[in-house]
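Protein chains: 2
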Amino acid sequence: MGAGTAERRAKTEAEQGHGQGLRERRRQQTRAEITDAALELFAKGSVAATTVDEIAAAAGVSPRTFFRYFASKEDAALPVHQDFNAAIAAGLPSVDPQGELRREVHGLYGLMVQPYLDNASPAAQRMLQVTRLMRKEPSLRAAVVHQSLERTEEVQAALAARFGAVHEDALELRLAIDIASAVVRASFDAWASRLETGEPADLAAIYQQALDFSK
Amino acid sequence: MGAGTAERRAKTEAEQGHGQGLRERRRQQTRAEITDAALELFAKGSVAATTVDEIAAAAGVSPRTFFRYFASKEDAALPVHQDFNAAIAAGLPSVDPQGELRREVHGLYGLMVQPYLDNASPAAQRMLQVTRLMRKEPSLRAAVVHQSLERTEEVQAALAARFGAVHEDALELRLAIDIASAVVRASFDAWASRLETGEPADLAAIYQQALDFSK
DNA sequence: TGCCATTGTGGCAGATACTGTCATATTGAC
DNA sequence: GTCAATATGACAGTATCTGCCACAATGGCA
Chain A
1 MGAGTAERRA KTEAEQGHGQ GLRERRRQQT RAEITDAALE LFAKGSVAAT
51 TVDEIAAAAG VSPRTFFRYF ASKEDAALPV HQDFNAAIAA GLPSVDPQGE
101 LRREVHGLYG LMVQPYLDNA SPAAQRMLQV TRLMRKEPSL RAAVVHQSLE
151 RTEEVQAALA ARFGAVHEDA LELRLAIDIA SAVVRASFDA WASRLETGEP
201 ADLAAIYQQA LDFSK
Chain B
1 MGAGTAERRA KTEAEQGHGQ GLRERRRQQT RAEITDAALE LFAKGSVAAT
51 TVDEIAAAAG VSPRTFFRYF ASKEDAALPV HQDFNAAIAA GLPSVDPQGE
101 LRREVHGLYG LMVQPYLDNA SPAAQRMLQV TRLMRKEPSL RAAVVHQSLE
151 RTEEVQAALA ARFGAVHEDA LELRLAIDIA SAVVRASFDA WASRLETGEP
201 ADLAAIYQQA LDFSK
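Which chain is which? The protein sequence lines are A and B, in order. According to full-length UniProt numbering, the stretch in the first sequence is residues 1 to 215, in order. According to full-length UniProt numbering, the stretch in the second sequence is residues 1 to 215, in order.
Warning: the hint list may mix true and false statements.
Sample of chain A residues with no beta-carbon within 12 Å of chain B, all distances over it, derived [to be verified]:
#, residue
1, V47
2, A57
3, D83
4, A89
5, Q129
The calculated label-pair distances, taken between Cβ atoms and stated as ranges, are [to be verified]:
#, chain 1, residue 1, chain 2, residue 2, range
6, A, A157, B, A205, 48 to 58 Å
7, B, L22, A, D212, 34 to 44 Å
8, A, S121, B, A157, 51 to 61 Å
9, B, A48, A, A86, 49 to 59 Å
10, A, A49, B, E199, 49 to 59 Å
11, A, A86, B, A120, 28 to 38 Å
12, B, R64, A, P63, 25 to 35 Å
According to the in silico footprint, chain A covers these stretches of chain B (three or more CB under 8 Å from chain A) [what the hints assert, rightly or not]:
#, segment
13, 131 to 137
14, 140 to 154
15, 181 to 194
Think of the hints as simulated: they come from the structure by calculation, not from any bench. Remember, it's a predicted structure, so these values are computed and weren't measured experimentally. Even for Gly, the Cβ is constructed at its ideal location relative to N, Cα and C.
Construct all of the structure, not just a fragment, from the sequences and the given hints.
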């Protein structure tokens with residue numbers, strides 16, 4: 001295994017260039033396979049009728065491993081919504097502590113829709129697929145709300161620190177976050193709903209409408 | 001049918017006056033006992049550390065019976081929030097289909113806070129106890145949001161029918177409901193929060209502040 | 001008052017979700 | 001090439017929740 005080993009090493013380090021090492025890339029791949037399996041099974045049958053064991057088998061991993069990637073079968077179908085956490089984290093530094101509360105928070109949550117403005121993009125197609133499924137599955141909607149709730153608590157803490165004494169009252173901050181979150185969710189829902197019925201739907205326009213209405 | 005039969009009939013109907021018969025009253029009593037047991041155990045330990053078996057034992061019923069009353073241990077602590085459904089149902093007829101959407105929906109959801117405006121009332125004390133517990137227990141918060149989500153779907157259907165063609169667009173209706181719901185939840189939370197820290201707190205004033213802020 | 005349909009309850013078995021732990025294999029750094 | 005870190009799988013165990021059945025309590029009706 002002399003030359004073979006060296007070869008393997010070189011390959012490994014080259015791969016670190018984009019994916020942080022083979023290990024991490026393999027992890028992302030497994031994660032994606034679980035998600036694909038879950039979405040397919042959910043679409044074929046239903047969320048309730050699909051077991052974790054089935055998803056794990058379809059993805060080629062053990063049930064135990066499934067739970068190392070996702071906390072529940074619902075979460076397996078919604079990794080898209082975890083990207084939201086990244087979007088929020090990335091946008092936090094841009095929040096102006098002196099700015100108007102509602103405006104700043106809407107600006108922050110508006111980042112969530114950015115990646116999906118082009119209906120034809122793969123990201124948008126994926127999001128549409130999930131949102132469509134969500135419209136039929138109450139348990140998925142509940143899971144999204146659950147994720148949203150957890151995110152809310154973190155965002156509130158982060159924003160409270162950032163706004164400091166300007167908004168020491170938690171009431172308005174919490175409300176601003178919940179409203180911004182509702183605007184985003186309603187926009188995605190309406191977007192998927194309209195495309196489902198064949199209507200043309202522009203996510204940017206829908207989001208703007210929702211935003212205006214919320215004020 | 002003799003006089004005896006008539007007498008029994010009358011007695012039965014008299015009981016229906018407050019409790020709809022002994023059966024229903026007994027049911028309410030059992031329900032309350034389960035809730036009390038759950039709240040006590042949750043407060044003593046934590047929601048996660050408390051099992052359904054323990055709650056059932058403390059309430060003097062079998063675990064099987066527990067699940068005939070509540071779908072989960074979290075729900076057992078939150079029957080208060082099911083009163084919301086009754087409040088909404090009662091208020092639906094008063095919604096003006098010609099009125100402004102946001103205004104009407106806020107009017108409807110505002111009914112939820114009505115029973116708790118007097119801080120000293122037993123209902124308010126009970127609500128405070130639950131809300132305080134909720135602030136420490138993420139799983140209870142999640143359960144409340146879950147109940148809220150289910151209620152939302154029903155309310156949306158009812159209001160869509162009531163508003164008819166005036167608001168054929170689901171986006172604004174959904175958003176109005178979600179915002180009104182968030183206003184109520186944030187108000188209760190701030191109310192409990194301020195009383196917890198010893199501050200004076202007027203639920204009516206807080207709700208008004210939240211309402212103004214949301215516009 | 002007595003009969004009967006309805007309804008509440010408990011016990012049991014079982015499916016499913018999830019977690020801790022250990023042994024094993026793979027990866028990656030030196 | 002060796003060793004530490006990490007990923008996986010298998011296993012056992014706990015908790016949630018449901019269907020089913022037998023039994024008891026209730027309430028309508030003759």
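Exercise for the section: Could you work out which earlier hints the structure fails to respect and list their numbers in ascending sequence? Expected result: Checked against the structure, the hints that fail are numbers 6, 7, 8, 9, 11 and 13, while the rest are satisfied.
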